[in-house]
Amino acid sequence: MTPRIERVAVDALCVHLSDAIDPDLLPWLQAADQALRQRFAGCLIDLVPAYTSLLLHYDLVQLSEQQARAWAAEALQDLQPAATRSGQLHQLPVWYAPGVGPDLRAVATRLGCSQRELIRRHSQPVYQVYALGFAPGFAYLGLLDPALALPRLATPRQQVPAGSVAIAERQTAIYPLPSPGGWHLLGRMPLPLFDPHTPPYSLLQPGDQVQLVAIERYEFIRLGGDPTPCEAPA
Amino acid sequence: MTLLRVVKTLGLAQLQDGGRFGCRHLGVTQGGPLDWLAAGLANRLLGNAADACVVEIPWGGFSVRAEQDTTLALCGADLGATLDGKPVSHNASFRVRAGQQLDCRSPRSGVRGYLATPDGFKAPRLLGASATVGRERLGGLQGDGRSLQLDDQLSAGSRRPAPVSLSPDDYFDLSAPAILSMLFAAEYAQFSGHSLFAVTNHSWAVDNRADRMGVRLTGPRLVYQGPGLVSTAIPLGSIQVPPDGQPIILLQDRQTIGGYPRIGALTPLAVARLAQCAPGQPVRLHTLGQEAARQQTLLWLQRLQ
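In order, the protein sequences belong to chains D and V.
The opening residue of the first sequence carries number 2 in this note's numbering; numbering runs sequentially from there.
The opening residue of the second sequence carries number 25 in this note's numbering; numbering runs sequentially from there.
Next comes chain V alone, as it looks inside the complex (with noise of 0.2 Å):
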């Protein structure tokens, strides 16, 4: 039964779950939210598990009519929602009636926006997820990697949890600065002392090449002294370097396999938060030891439970 239908949308909302896991080795890129944590956040607020299927709203402009009474919950960017013309608090789930209209406007602070129900979307799963993947025509309501349409019809759990918001401590600051903890790793030693300087000590700005995929960051150039290399897996988050030094950050649709240089990656925190930055934002480096970063993630996963 249709509990939510699309009235209004950019064509970039997508639903997203955790994405595929098991399969890289055919080629199937990973997917599933870019800011993890806020849609697991979101999922919590209702009592799902962290993974349960979202809808990943980019820059706002899109709305659902309730056809059924039920509790929603908004996290990651502050698209200044309202329900019915009345704003809905953020980083919080809130009921809905039959027939009110919820509307995403447009990010006052962060870029995705993350809509949960109870028990998730419903959503085919292939390859043991739903989550969306134009390129790869896989996921989504259809199974064929559309992104949501206007009249589609969504369909959720029934449950219809008290609401409860996020304490301010469990989600990052959207309008401070973003501080991204990265690890040296992969060709880190074979790039410039100056470069191995630069990267953390030098302001980058977000590029307006940045997708799904990867996003692209402009400020020192970065040398790489190594040889040519043999194209291998890239997990999520790496740091590669194209020959004109301008890093690319490598997020949960790129592709499997690269062949380009890397001065590190990411820690999976630093992604959630990089897919808040808008393009023309500046962002920053700090390098984590390895453990550090681990107990980072792991502290960060328990508060989802």
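Extracted from the complex, chain D is given alone in its bound form (with noise of 0.2 Å):
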């Protein structure tokens, strides 16, 4: 695997080890995350993966682009996928109903199937969390059964309930705060996914797998969740 390294900033360095999204990718991302925060060590200012990449922004003080570049190549040759899995697998409760998960029907209407079987499918796979972002512990999971990717809202809403369970062509995620959003919600999950008093801080770890757990109202209720119903789709 040769990475492409690219220039993004001044300080700011991306390096592109594919340039698609594939499950296989998770161990060479983890692989090049370790070395790359190996080498820079002190130089290294935030190292930020995402699906087929990983944004390396170093200290312009202390590194000319030149040095990052040279370092960043050393890091990253005769790179080996990492070997043992780092990640932790969370069963995460979801009450998948329509007061929650107001898209619920209208996304069961369009892949004609019910929505008991829409539940079914969304809840079956094991995820892969690919990456953090877009808000503080929000976690990009994939890859969604093929057959439940839909484009986003042709209009975000203004307000997504911190704890809705959406779905967006082959991902799917839950809100860790209340935020605006374009995706399509199925459910709630009642559990804090980000505490920015405690490390590690996000619940969910890129390379952490993820099982969604369809539960009942009660469960919800008693684990924390607020029932309170989505404002009308936009």
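If you're looking for bench data, these hints aren't it; they were derived computationally from the structure.
All values derive from a computational prediction rather than experimental measurement.
Beta carbons: idealized from backbone N, C-alpha and C, even for Gly.
Treat the hints with care, since some could be wrong.
Unchecked claim - Under 8 Å between C-beta atoms, here's a sample of chain V residues computed to sit facing chain D: (1) 49; (2) 50; (3) 151; (4) 159; (5) 161; (6) 162; (7) 207; (8) 209; (9) 210; (10) 254; (11) 256; (12) 259; (13) 280; (14) 292; (15) 314; (16) 317.
Claimed, not checked - Take a look, some chain D residues computed to stay more than 10 Å from chain V by CB distance: (17) 4; (18) 40; (19) 76; (20) 83; (21) 89; (22) 113; (23) 129; (24) 214; (25) 219; (26) 223.
Quick one: dock chain against chain with the hints and give me the complex.
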């Protein structure tokens, strides 16, 4: 594997391992993450993995771009995929219901299946955490069953409640905080995903695995979930 | 002990320190003062670290009353500040006595003023910083991302350094036209030849869609000709171009990951200058080589020492 390294800012390089999303890339991304962190050590400001790439934000006081490129190339030569899976398996409870998942009915209708079947297909796979982004603790989970892939909403919602479980394209995710959002909402997850006071801060980490478990309303409330229905679809 | 009490605010003034680093892989945005140079200079006037916590005051309309004698400093936008009604010098530190009121009125040049106190304002640190990010409910006086509120009590160090002022060479002349340095970077090679020419040879206007996440520029339509992109993490100053061809320059509160093609990135200094441009204001872009941009950044960082 020969990564492509490109300049993205005066003090940032982007290391591309591939140009297409691929579940087999995860161990390579993890290995690259580890190798770059080790090589750059105190000269690293941030290293941010995404699906196929890592953004390397280095300290321009200590390093020229030429040095940074040389170090990155050196760290990435003879890269081997991470041998052991560092990730944890999380089982996350989800209450799938039209009040908290206002797109459940419309998505089932569009896909020509029952809501029950949609819930079964959404909660069946073990998803990988590809990356965290968009908001603190927001995990991009994939890959979604291709039969469930839909484009984003034409008009994003102004306010998606915290805990909302959503799908778009081949991805699914859970909103850690209330925020605007353009994904289709199927249900709600009652547990907190991000705690800025306690390391490692985010419940989900890149490389972790996630299994969604359908639960009933009483269980959702027992776990501390907020059952307030969503605003009407935009 | 309270040093300053907020007696008037538009609800936009926020505490900002250097920002959060080392946690963008968790989805946490950078934050920090948009005009990092002005914030750093205000701190330098008081002998503080460049990233000590300041109040960022967009558009003025912010007043505080001193509850103790102190020295304060104001840099960035000229907000026509007065102390008990008498003008205070801009880009300078000045003494304040208990009971006096500092009024930051409205911008005469620039957009964002920065108010510094000895050793910085005290605020809880979360993920290594006190920077306020409302969207993420992080930072600020209570740590929950709220902007400063009426009657908030601010405390700081008890030093009272002697008043000093900046030389005019230390900071931008905000009444002069804004010329922003950029590097071609990321997907620039997949923009049309005309776009690469137009970006630096036309005037742009700051759109009114401008906030701490990003600033949209309106002008010639930039055309990306490459394939769809898988989302990647985005650095400060990235010039992303959505399908409508009007670029958005991403600032300190940008989301960590995005998928629009980018024609390049502003230099850190240009980000600071853009932060002082009001909607409707014309700006021009010009390109700089990477090493020249680095040397320019290092020079200004040195001045904050």
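Each hint, compared with the structure:
{"no.": "1", "hint": "49", "in the structure": "5 Å, holds"}
{"no.": "2", "hint": "50", "in the structure": "5 Å, holds"}
{"no.": "3", "hint": "151", "in the structure": "6 Å, holds"}
{"no.": "4", "hint": "159", "in the structure": "7 Å, holds"}
{"no.": "5", "hint": "161", "in the structure": "6 Å, holds"}
{"no.": "6", "hint": "162", "in the structure": "6 Å, holds"}
{"no.": "7", "hint": "207", "in the structure": "6 Å, holds"}
{"no.": "8", "hint": "209", "in the structure": "5 Å, holds"}
{"no.": "9", "hint": "210", "in the structure": "5 Å, holds"}
{"no.": "10", "hint": "254", "in the structure": "5 Å, holds"}
{"no.": "11", "hint": "256", "in the structure": "5 Å, holds"}
{"no.": "12", "hint": "259", "in the structure": "4 Å, holds"}
{"no.": "13", "hint": "280", "in the structure": "4 Å, holds"}
{"no.": "14", "hint": "292", "in the structure": "7 Å, holds"}
{"no.": "15", "hint": "314", "in the structure": "5 Å, holds"}
{"no.": "16", "hint": "317", "in the structure": "4 Å, holds"}
{"no.": "17", "hint": "4", "in the structure": "13 Å, holds"}
{"no.": "18", "hint": "40", "in the structure": "16 Å, holds"}
{"no.": "19", "hint": "76", "in the structure": "17 Å, holds"}
{"no.": "20", "hint": "83", "in the structure": "16 Å, holds"}
{"no.": "21", "hint": "89", "in the structure": "15 Å, holds"}
{"no.": "22", "hint": "113", "in the structure": "27 Å, holds"}
{"no.": "23", "hint": "129", "in the structure": "15 Å, holds"}
{"no.": "24", "hint": "214", "in the structure": "24 Å, holds"}
{"no.": "25", "hint": "219", "in the structure": "29 Å, holds"}
{"no.": "26", "hint": "223", "in the structure": "25 Å, holds"}
Of the numbered hints listed earlier, not one is contradicted by the structure.
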